[in-house]
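Engineer: Spelled out from the first residue to the last, the chains are:
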Amino acid sequence: DQQVKQNSPSLSVQEGRISILNCDYTNSMFDYFLWYKKYPAEGPTFLISISSIKDKNEDGRFTVFLNKSAKHLSLHIVPSQPGDSAVYFCAASGDSGYALNFGKGTSLLVTP
Amino acid sequence: DTAVSQTPKYLVTQMGNDKSIKCEQNLGHDTMYWYKQDSKKFLKIMFSYNNKELIINETVPNRFSPKSPDKAHLNLHINSLELGDSAVYFCASSHGTGAFVSRGYTFGSGTRLTVV
Numbered sequence: 002d003q004q005v006k007q008n009s010p011s012l013s014v015q016e017g018r019i020s021i022l023n024c025d026y027t028n029s030m031f032d033y034f035l036w037y038k039k040y041p042a043e044g045p046t047f048l049i050s051i052s053s054i055k056d057k058n059e060d061g062r063f064t065v066f067l068n069k070s071a072k073h074l075s076l077h078i079v080p081s082q083p084g085d086s087a088v089y090f091c092a093a094s095g096d097s098g099y100a101l102n103f104g105k106g107t108s109l110l111v112t113p
Numbered sequence: 123d124t125a126v127s128q129t130p131k132y133l134v135t136q137m138g139n140d141k142s143i144k145c146e147q148n149l150g151h152d153t154m155y156w157y158k159q160d161s162k163k164f165l166k167i168m169f170s171y172n173n174k175e176l177i178i179n180e181t182v183p184n185r186f187s188p189k190s191p192d193k194a195h196l197n198l199h200i201n202s203l204e205l206g207d208s209a210v211y212f213c214a215s216s217h218g219t220g221a222f223v224s225r226g227y228t229f230g231s232g233t234r235l236t237v238v
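The listed protein sequences correspond, in order, to chains A and B. Going letter by letter, the first sequence gives residues 2 to 113 in this note's numbering. Going letter by letter, the second sequence gives residues 123 to 238 in this note's numbering.
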């Protein structure tokens, strides 16, 4: 069963606007949440993470928000750039040691 | 220098064959992983090794056998390949547990295995 869910398979945003990618999880034992970015024919690249004891973490244009009561997190990209076009994976860890549980990804397209 | 390198990048083979995928990391990490991305693009953990010791072994057919000769290498051997084994296999590495997880894994670029 899938413990991390990304219900939007794709998202299209204009350059300069905000991109918001969403993620839901079911396991309350997760203690870290991470976002990865993936280009075709490459491995996922780590973007940003957040601990379950925080509700926000910011790194440049990327901000992750965590709502533990709703078991929901989101990644905000402001401003969006064409180079941000990629598949974004949400992941969580904490219930099985070192393993990450991944969502199925959201394909972001930033148009000029 | 590539941080996590896996070879080959592409592998096409016939059903019933035995094949290996190699992975090496030069980051000094103590934990290495194999993940499988299936046709639905779902990334799922297969194995994890910490300091050459197997610590995660998910529900994977025993035709799949990982081997870690040292902390910098984690190879994946697959016996009697089946059509359903076709997928992209990713190797990754990280510093072990706890707060280090927040730094994320470093992934290789993947091996696309096609069984015909």
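Note that these hints are calculated values from the structure, not bench results. Possibly wrong hints are sitting among the right ones.
[What the hints assert, rightly or not] Sample of chain A residues lacking proximity to chain B, with all beta carbon distances greater than 10 angstroms (derived):
| no. | residue |
| --- | --- |
| 1 | 18 |
| 2 | 27 |
| 3 | 30 |
| 4 | 35 |
| 5 | 43 |
| 6 | 52 |
| 7 | 77 |
| 8 | 94 |
| 9 | 105 |
[To be verified] Capping the alpha-carbon separation at 25 angstroms, the derived lysine-lysine pairs in DSS-like fashion look like this:
| no. | chain 1 | residue 1 | chain 2 | residue 2 |
| --- | --- | --- | --- | --- |
| 10 | A | 105 | B | 193 |
| 11 | A | 69 | B | 166 |
| 12 | A | 6 | B | 158 |
| 13 | A | 72 | B | 131 |
| 14 | B | 166 | A | 72 |
| 15 | A | 6 | B | 189 |
| 16 | B | 162 | A | 6 |
[Unchecked claim] Quick list of the computed label-pair ranges, beta carbon to beta carbon:
| no. | chain 1 | residue 1 | chain 2 | residue 2 | range |
| --- | --- | --- | --- | --- | --- |
| 17 | B | 140 | A | 40 | 46 to 52 angstroms |
| 18 | A | 27 | B | 189 | 19 to 25 angstroms |
| 19 | A | 62 | B | 205 | 41 to 47 angstroms |
| 20 | A | 79 | B | 225 | 30 to 36 angstroms |
For clarity, every value in this text was computed on a predicted model and none was experimentally measured. Just so it is clear, CB atoms sit at the ideal spot from N, CA and C, and this is done for glycine as well.
Engineer: Now, for every hint given, state plainly whether the structure supports it.
Structural biologist: Hints, verified against the model:
Distance check on residue 18/A: its Cβ is at least 26 angstroms (rounded) from any Cβ of chain B, clearing the 10 angstroms threshold; non-interface status holds. At the 10 angstroms boundary, the C-beta of residue 27/A stays outside the reach of chain B, the nearest C-beta of that chain being 15 angstroms off. At roughly 13 angstroms from the closest C-beta of chain B, the C-beta of residue 30/A stays outside 10 angstroms, upholding its exclusion from the interface. The claim that residue 35/A is not at the interface with chain B is violated, since a C-beta of that chain comes within 10 angstroms of its own (minimum 5 angstroms).
The beta carbon of residue 43/A sits about 5 angstroms from the closest Cβ of chain B, which is not more than 10 angstroms, so the claim that it is off the interface is violated. Not every CB of chain B is more than 10 angstroms from the CB of residue 52/A (nearest about 6 angstroms), against its label as outside the interface. No beta-carbon of chain B is positioned within 10 angstroms of the beta-carbon of residue 77/A; the least distance is around 18 angstroms. Chain B draws residue 94/A into its interface by the beta-carbon criterion, the shortest separation being 5 angstroms against a cut-off of 10 angstroms.
Distance to chain B contradicts residue 105/A as a non-interface residue, since its nearest Cβ pair spans about 5 angstroms, not more than 10 angstroms. Proximity of residue 105/A to residue 193/B is assessed by CA-CA distance (about 30 angstroms); at most 25 angstroms being required, the pair is judged violated. Note on residue 69/A and residue 166/B: the hinted pairing holds, with a Cα-Cα distance of about 24 angstroms set against a maximum of 25 angstroms. In summary, the hint linking residue 6/A to residue 158/B is supported, as the alpha carbons are separated by about 17 angstroms, within the 25 angstroms threshold.
Under the criterion of a C-alpha separation no larger than 25 angstroms, the hint pairing residue 72/A with residue 131/B is inconsistent with the structure, at around 37 angstroms. Restraint check: the Cα-Cα separation between residue 166/B and residue 72/A comes to about 21 angstroms, which is no more than 25 angstroms; the hinted pair holds. With a C-alpha separation of about 31 angstroms, the suggested pair residue 6/A and residue 189/B falls outside the 25 angstroms cut-off, and the hint is violated. At roughly 13 angstroms between alpha-carbon atoms, residue 162/B and residue 6/A fall within 25 angstroms of each other, so this suggested pair holds.
In this structure the hint that residue 140/B and residue 40/A lie 46 to 52 angstroms apart at CB is violated, the actual value being about 31 angstroms. Taking 19 to 25 angstroms as the suggested C-beta distance range, the pair residue 27/A and residue 189/B does not conform, at roughly 34 angstroms. For the hinted restraint 41 to 47 angstroms between residue 62/A and residue 205/B, the CB-CB distance of approximately 43 angstroms keeps it satisfied. At roughly 24 angstroms, the beta-carbon separation of residue 79/A and residue 225/B lies outside the given 30 to 36 angstroms, and the hint is violated.
Figure legend: structure checked against the earlier numbered hints; hints not met, in rising order: 4, 5, 6, 8, 9, 10, 13, 15, 17, 18 and 20.
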